[in-house]
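Colleague: Residues 1 to 296 (the working numbering) make up the sequence shown, in order.
Calculated directly from the structure, the hints in this document are not laboratory data.
Careful, some of the hints might be misleading.
30 Å max Cα-Cα, derived DSS-like pairs, lysine-lysine [as the list claims (entries may be wrong)]: (1) 153 to 143; (2) 268 to 291; (3) 120 to 153; (4) 177 to 120; (5) 178 to 293; (6) 177 to 268; (7) 177 to 291; (8) 291 to 120; (9) 120 to 205; (10) 262 to 252; (11) 97 to 158; (12) 178 to 120; (13) 252 to 97; (14) 205 to 177; (15) 171 to 153; (16) 291 to 262; (17) 205 to 291; (18) 158 to 120; (19) 143 to 291; (20) 293 to 268; (21) 97 to 262; (22) 205 to 262; (23) 143 to 158; (24) 252 to 268; (25) 293 to 153; (26) 158 to 177; (27) 158 to 171; (28) 293 to 262; (29) 63 to 293; (30) 252 to 171; (31) 153 to 205.
Quick list of simulated restraints, FRET-style, between CB atoms [to be verified]: (32) 249 to 294: 17 to 25 Å; (33) 263 to 20: 37 to 45 Å; (34) 158 to 27: 27 to 35 Å; (35) 155 to 99: 16 to 24 Å; (36) 161 to 295: 30 to 38 Å; (37) 135 to 66: 45 to 53 Å; (38) 256 to 155: 19 to 27 Å; (39) 144 to 220: 35 to 43 Å; (40) 204 to 239: 35 to 43 Å.
Idealized CB from N, CA, C, for every residue including glycine.
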Amino acid sequence: MPSGHILTPDIISQLNNLSLKARFVVEGFIVGLHKSPYHGFSVEFSEHRAYGAGDEIRHVDWKLWGKTDRFFIKQFEEETNLKSYLLIDQSLSMTYKSNNVTKLEYAQILAASLGYLMLKQQDAVGLTLFDDRIRVNIPARSKRSHLNIILSKMQNIKPGPETTIAPILHKTAEAIKKRGLIVLISDLFDDPDEILSGLQHFRYKGHEVVVFHVLDPQELSLDFTQRTRFRDMESGEEIITDPWHIQSDYQKSMEQFCNYFKSMCRQKNIDYVQLSTDSPLDMALSEYLIKRKRMR
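Could you put the whole structure together from the sequences, leaning on the hints where they help?
Modeller: As structure tokens, then:
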């Protein structure tokens with residue numbers, strides 16, 4: 001897989017707008033795929049599938065064979081189109097940062113890049129922005145111009161006061177009728193069992209689900225070196241403490257929190273990916289393509 005060293009959030013966040021960031025991430029990712037010995041999937045030729053026994057020779061794309069030395073069959077629109085839905089947590093806790101990128105900014109870049117890649121794959125993309133309620137809901141469409149609508153909404157996100165994730169998941173699961181791919185991007189700072197119940201609702205409805213659990217490095221390590229005031233970004237509650245007094249217990253609690261989501265998602269056949277805001281974005285794009293390939 002690509003090394004992703006040019007796809008770090010610090011570099012990408014310096015670009016001017018979300019559209020440019022998404023294009024930079026995806027095109028850099030594709031270049032990395034082409035340089036990689038891994039040939040498990042292709043972005044450039046997403047409207048094709050590998051030739052198999054029983055396929056008609058007349059559907060072979062000979063131009064593509066000339067480029068790749070492999071046989072591919074042209075697929076019809078109904079074979080290629082997948083509906084994907086991006087669900088982004090825009091609550092205040094997502095605005096935390098200990099480096100150059102907030103969790104929300106990371107989520108924006110990730111979602112924009114996924115949307116760009118999905119449309120490049122001929123897939124339909126929808127968007128839901130939420131905090132304690134749904135703030136934006138855009139149905140899935142597959143036109144390239146649809147990306148501009150999605151990016152415009154994401155570019156103008158206004159963080160809400162707090163998160164109630166589970167009711168949003170249940171409501172969205174009931175609203176989406178056709179089987180598709182659900183992508184949740186959140187710090188998951190809410191009741192874990194209620195969130196998992198909402199995710200299971202999507203599985204019950206026949207959807208595939210990927211959870212990108214976005215956290216700041218400091219939220220994982222609590223690596224502060226002096227007496228610190230900690231404030232809950234949603235409730236406003238504050239405490240002052242010496243971090244090294246609680247660091248070990250805190251790290252254990254965070255590890256348990258993340259591992260619980262990981263193990264329960266595995267039990268429910270939900271893909272769980274933990275991401276730090278300093279993680280290169282190619283890892284998340286790879287996860288999406290692997291999931292998409294399984295759905296074919």
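Colleague: If a hint holds in the structure, say so; if it doesn't, say that too.
Modeller: Hints versus structure:
no., hint, result
1, 153 to 143, "16 Å, holds"
2, 268 to 291, "15 Å, holds"
3, 120 to 153, "20 Å, holds"
4, 177 to 120, "23 Å, holds"
5, 178 to 293, "18 Å, holds"
6, 177 to 268, "20 Å, holds"
7, 177 to 291, "20 Å, holds"
8, 291 to 120, "16 Å, holds"
9, 120 to 205, "26 Å, holds"
10, 262 to 252, "15 Å, holds"
11, 97 to 158, "16 Å, holds"
12, 178 to 120, "21 Å, holds"
13, 252 to 97, "21 Å, holds"
14, 205 to 177, "8 Å, holds"
15, 171 to 153, "20 Å, holds"
16, 291 to 262, "16 Å, holds"
17, 205 to 291, "17 Å, holds"
18, 158 to 120, "28 Å, holds"
19, 143 to 291, "22 Å, holds"
20, 293 to 268, "19 Å, holds"
21, 97 to 262, "23 Å, holds"
22, 205 to 262, "21 Å, holds"
23, 143 to 158, "26 Å, holds"
24, 252 to 268, "24 Å, holds"
25, 293 to 153, "28 Å, holds"
26, 158 to 177, "28 Å, holds"
27, 158 to 171, "21 Å, holds"
28, 293 to 262, "21 Å, holds"
29, 63 to 293, "23 Å, holds"
30, 252 to 171, "33 Å, violated"
31, 153 to 205, "27 Å, holds"
32, 249 to 294: 17 to 25 Å, "39 Å, violated"
33, 263 to 20: 37 to 45 Å, "38 Å, holds"
34, 158 to 27: 27 to 35 Å, "29 Å, holds"
35, 155 to 99: 16 to 24 Å, "21 Å, holds"
36, 161 to 295: 30 to 38 Å, "36 Å, holds"
37, 135 to 66: 45 to 53 Å, "49 Å, holds"
38, 256 to 155: 19 to 27 Å, "36 Å, violated"
39, 144 to 220: 35 to 43 Å, "37 Å, holds"
40, 204 to 239: 35 to 43 Å, "40 Å, holds"
Violated hints for the displayed structure, listed by number in ascending order: 30, 32 and 38.
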